[in-house]
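Colleague: Construct the complete structure from the given sequences, taking the supplied hints into account.
Line by line, the protein sequences are chains A and B.
Mind the numbering: the first sequence is residues 1 to 211 in the working numbering, read in order.
Mind the numbering: the second sequence is residues 212 to 438 in the working numbering, read in order.
If you're looking for bench data, these hints aren't it; they were derived computationally from the structure.
Hints should not be assumed to be uniformly reliable.
On the chain B side, residues computed to face chain A include the following (Cβ under 8 Å) [stated by the list, open to error]:
#, residue
1, P283
2, V299
3, M306
4, A384
5, L393
Even glycine gets a Cβ: it sits at the ideal position worked out from N, Cα and C.
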Amino acid sequence: MTQKITHTDDLIACHGCDALYRVQMPEHGQRAICSRCHTVLVAPRRRAGMTIVMLSLGVVILVFGALWFPFLEISRSGFHNSATLIDSALAFTDGPLLILSLSVAAFIILIPLMRVMLILYVLWPVVFDRPPNKSAATAFRLAEALRPWSMAEIFAIGCAVALVKVADLAQIGFGPAFYMFAALVVIIAVQDNQMCRWSIWQSLDETDRQA
Amino acid sequence: MSGRPQPVEGRLTAREAGLVGCRRCSKVWPLDTQLCGRCGATLRSRDTTSISRVWAWWVLGVAAYIPANLYPMLRTQTLVETQEATIVGGAIELMQHGSYGIAIVILVASVLIPVAKFLCIAFLAMSSQSATPVSASARQQLYEIVEYVGRWSMIDVFVVAILASLVQLDYAATVNPGPASLSFALSVIFTMLSAQAFDSRIIWDGIERSTPHAPRDPQPTEGSPTP
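Modeller: This is the structure:
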């Protein structure tokens, strides 16, 4: 049984089409692609771990900043109002719409924040050459499962649409949180781009065995 | 250019080699392994419940999409009037104001994409059970597009949230969310779950069955995993 497992150690199965390959680590910046269904299998980046950790720290700081300051400001014929991110997230208040409020808050704030915190928890020890945290595998699995539900960038485009919609109704101004949120969206995109899932799993596996 | 990973024995799937690949971390295990030893995911060589779960979420998604179009999405009150706008109604109104760009964004995100997604997922599910003239790689591409694009339909819900929190100017102008916002959000979530339930490896199995089973340029690989 153990012999069989050591055999499979250098194999990789495409998660798109199940094709079987021998692992050949591509050079930094290059990608190994499944020749049948063109799914990216391995895409290592130079010093990716450190980059991701730094970007994640940036995301955490920006999220808290974006929560604190007003997001958008509006005025019309003497009336004035400003909304924070939390206001937007909790806009649906009456009855069954409250469920929607909670999920919007999760999609744009909680889930993006949780994802970077989980990734920090997973990668911090790896980057600083320590044995991985005890539940690193569970944490990274959760972070991956949350990925499609992290919708900060969609919310950002939503802002643009909303602005145009209200433009003829009232006057609009951006609060400081808006710029923080815009920076956040860019950072999350770069971070995602740097992350090679296979390399992270591999590093968790290897450091595990040494310990 | 991209590195080429070395296919095992011409071209073999993990299943044909008596192995199972983890869909989460790509590690390969013997076929009877239950849990991935690296990432802890449940291992299934092929997800046999996949198609029924796809259809279950799909039906819920379509069902939620109908009230999303019938009920108002936004209720706008100004000094002079109160307006209720459905998704399509709101877009038409924007066009009358001359903002064609935004109207198109909304129509694409909340009408074209959801409807196209329903059709694509239904096609993928049906074609994995019966023969189809569409090639496997085209279907794989279609699946990836559906998975990538699905989340973007949430944009309309977010727009409503932003407007409703921002435009609260007493008598001058108030915007409140309508019931359609909830059913639209549910429809998007159900459709995303439907797409996630689909096991794309099924797309390729059909191809393997229909072509005569001869691996291309078989070259003996040392330490081959075949039993």
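Colleague: Go through the hint on B/M306 and say holds or violated, using the shortest Cβ distance to chain A against 8 Å.
Modeller: With Cβ-Cβ at 12 Å, over 8 Å, it is violated.
Colleague: Return the status of the interface hint for B/P283: holds when the least beta-carbon distance to chain A is below 8 Å, violated otherwise.
Modeller: violated (13 Å)
Colleague: When the nearest CB of chain A is found for B/V299, is that gap smaller than 8 Å?
Modeller: Given a least distance of 15 Å, the restraint on B/V299 is violated.
Colleague: Per the CB criterion, is B/L393 less than 8 Å away from chain A?
Modeller: holds (5 Å)
Colleague: Can the hint on B/A384 be confirmed by a CB-to-CB distance to chain A that is less than 8 Å?
Modeller: holds (6 Å)
Consistency with the previously given hints fails for numbers 1, 2 and 3, ordered from lowest to highest.
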